[in-house]
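Engineer: Chains A and B supply the protein sequences, listed in that same order.
Sequential numbering of the first sequence, starting at 11, is according to our numbering.
Sequential numbering of the second sequence, starting at 120, is according to our numbering.
Incorrect hints may appear among the rest.
[To be verified] In silico DSS-like links for lysine-lysine, alpha-carbon gap of 25 angstroms or less: (1) B/K169 - A/K66; (2) A/K28 - A/K55; (3) A/K182 - B/K153; (4) A/K66 - B/K151; (5) A/K95 - A/K14; (6) A/K440 - A/K382; (7) A/K117 - A/K14; (8) A/K396 - A/K95; (9) A/K364 - A/K485; (10) A/K121 - A/K14; (11) B/K153 - A/K300; (12) A/K474 - A/K201; (13) A/K485 - A/K474; (14) A/K479 - A/K396; (15) B/K169 - B/K191; (16) B/K151 - A/K182; (17) B/K151 - A/K306; (18) B/K151 - A/K300; (19) A/K306 - A/K121; (20) A/K364 - A/K396.
The set of hints was computed from the structure by calculation and includes no laboratory data.
Predicted model, so just to flag it, every value in this text is computed and none were measured.
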Amino acid sequence: MAYKYYRDNRAFIEACVKTGDAVVVNEEVDWDLEMGAIVRRTCEKKGPAVLFNNIKDYPGFKCVGAPIATYRRLAIALGMDPNSKVPEVSAEYLKRTSDESKAVPPKVVTKAPCQEVVLTGDDANIMNLPAPMVHDGDGGRYIGTWQFVVANDLDTPAINWGMYRQMLFDEKTMVGPVLPFSDMGKMWHNKYQPKNIPMPFAMVVNPDPLSAIASCAPASIPEDAFTSLLMGEPVEVTKCVTSDLMVPAHAEIIIEGVLVPNVTIDEAPFGEYTGYRTSPREPRTVYRVKAITMRKDPIMAMSNMGIPTDEGQLLRSFSLGLEMDKLLRSQGIPITGVYMLPESTHHLTVVGVKPAYANIATQIGQLVFGSKLGPWFHMVVVVDEKTDIYDKDELIHALSTKCHPVNGIRIEKHGVGTPLNPFASPAERKLGSAPKVLFDCTFPLDWAASDIPIKVSFNNVYPKEIQEKVISKWKTYGFKD
Amino acid sequence: MAEWDTYINIDFTDMPEETERVAIIRDLTPGKYKYRSTYARIVVSKDAAKYPEKLWVRLGRGQLIPTPCSMKILEFTSVIPQGL
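Next comes chain B alone, as it looks inside the complex:
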């Protein structure tokens, strides 16, 4: 199970679950690439055991929600125009 985190600018209780959405997630694998960010289409559950990826959630100013969620990554995406 890989570990990721993400930021939300809303209350944790309002975080959408079980719906597909695009978010920025950060890879928490130790090493040089730790904290590498990427856009991805994901589905999140507050049930830590439901999906294969562990997802930690932080609020807008960095406050860590102490219990992890789980996440399914459907695809990685990008917002950078081609050629740049």
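Pulled out of the complex, with its shape left as it was, chain A reads as follows:
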């Protein structure tokens, strides 16, 4: 049975406008920094998404910014009430995606909105698309910030949808990092490139929201099948015009071409999801464009990465945390939940667990740091089952009172990491090396019951009847809420 969802991002944004979660800007805006500054400001204010209807130099194009930068908009994307709480949104995601046997392949359609206009040859000119200059000082205009790249493995049926950024270089060329531990990186660096074979790609600009969420999710099944779990029915795809790659039919713009083997071009710097411009200008993977297909009235999309919260931080935190939840439960760990804080730019995750045996926190750290998810974060905080993992006040209290500064902190010096970690030394960035740290905020099991400190809180140190009496008379005492 299909869930309520939006077939394309324009319908989603329309829904967001109705709930006050998106604004429409009809005044002309400049793609050169002005759009970026507006989107950055709304992200920092936890404000609405924005639809730009009038872009300087690009009549006929629109652009949406910050499409899913809040949990409210994530709830809307999932067809839920925008007022849903984070645990409710998480529970819905887990409900839909935990049974991967329900995933179905995509449905292929021959007439697709994303191919209403087909441009090839010299007409396939990416400088005719309103790629924004997102931040002052960026190495170029970033055409790929809210998009994903579709790629097929060279010698297996495996496909990948993944969000990998692309900087516009010239009319036919884009450049971007393809990290070796990413799914596409494994295809590219281990298979195509050593054989000097160009790898076909299709860049899906402004996809429907659930396909976008799937492309961010580190799932163990193909992302098109994962999208079907989120939708409750197959995602509609169509064949590219220059390759056999399949792309979501209801996307706004598709850029097709090949990754060029054994050639690099300098890319970056770029304001990144960590909230810093960390990685320097460096030689990166080259994408060469063969075709552009799009709707007749196409809508570009942009995410403006920087200090929290943008959609990259929110969605990666959301899906990384919940994939960790699945992993830990699959191993029989008695967790109460996993929450990765978007404000940590998906670097810090909180795991609630019933401390059933000694060193359970260490086991959690080893599992999550050692998994496919591990390179993307470096801090795990393990709290007991009585701590609300979604409550930052409780987290800080637990961390600063229950984590022993020596015995409670476990460090792994040589983990796998990204080159984008602002704290990492230049050598660590170059190697993709990152230390990892676990904070164990559970009291040791070998302490006598009489030695364990008692938490002094309203819920913990008053009899139930006193709590109920105080709550029932709260307003009578003179309190407003």
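Based on these hints, arrange chain B on the given structure of chain A.
Structural biologist: Just chain B, lined up with the frame of chain A:
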């Protein structure tokens, strides 16, 4: 005088002058093609008046050097193999 910019991953004081080198330069002419990049063989001077093209320099993480240089473009080049 056209305006361009380029990035360097070294200190500005160490930037080579008066020697031919290949660099990526970005066209800063306003309009749809602003920030279009290209490889070029160039000669740079920190003397803003010496060569016909104005060149702004940015460091590896985007920091702009506040005073421009000048540049002579000898030829445009490409690293993309033919046919791609």
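Engineer: Which hint numbers doesn't this structure obey?
Structural biologist: When the structure is compared with the hints, numbers 1, 9, 12 turn out to be violated.
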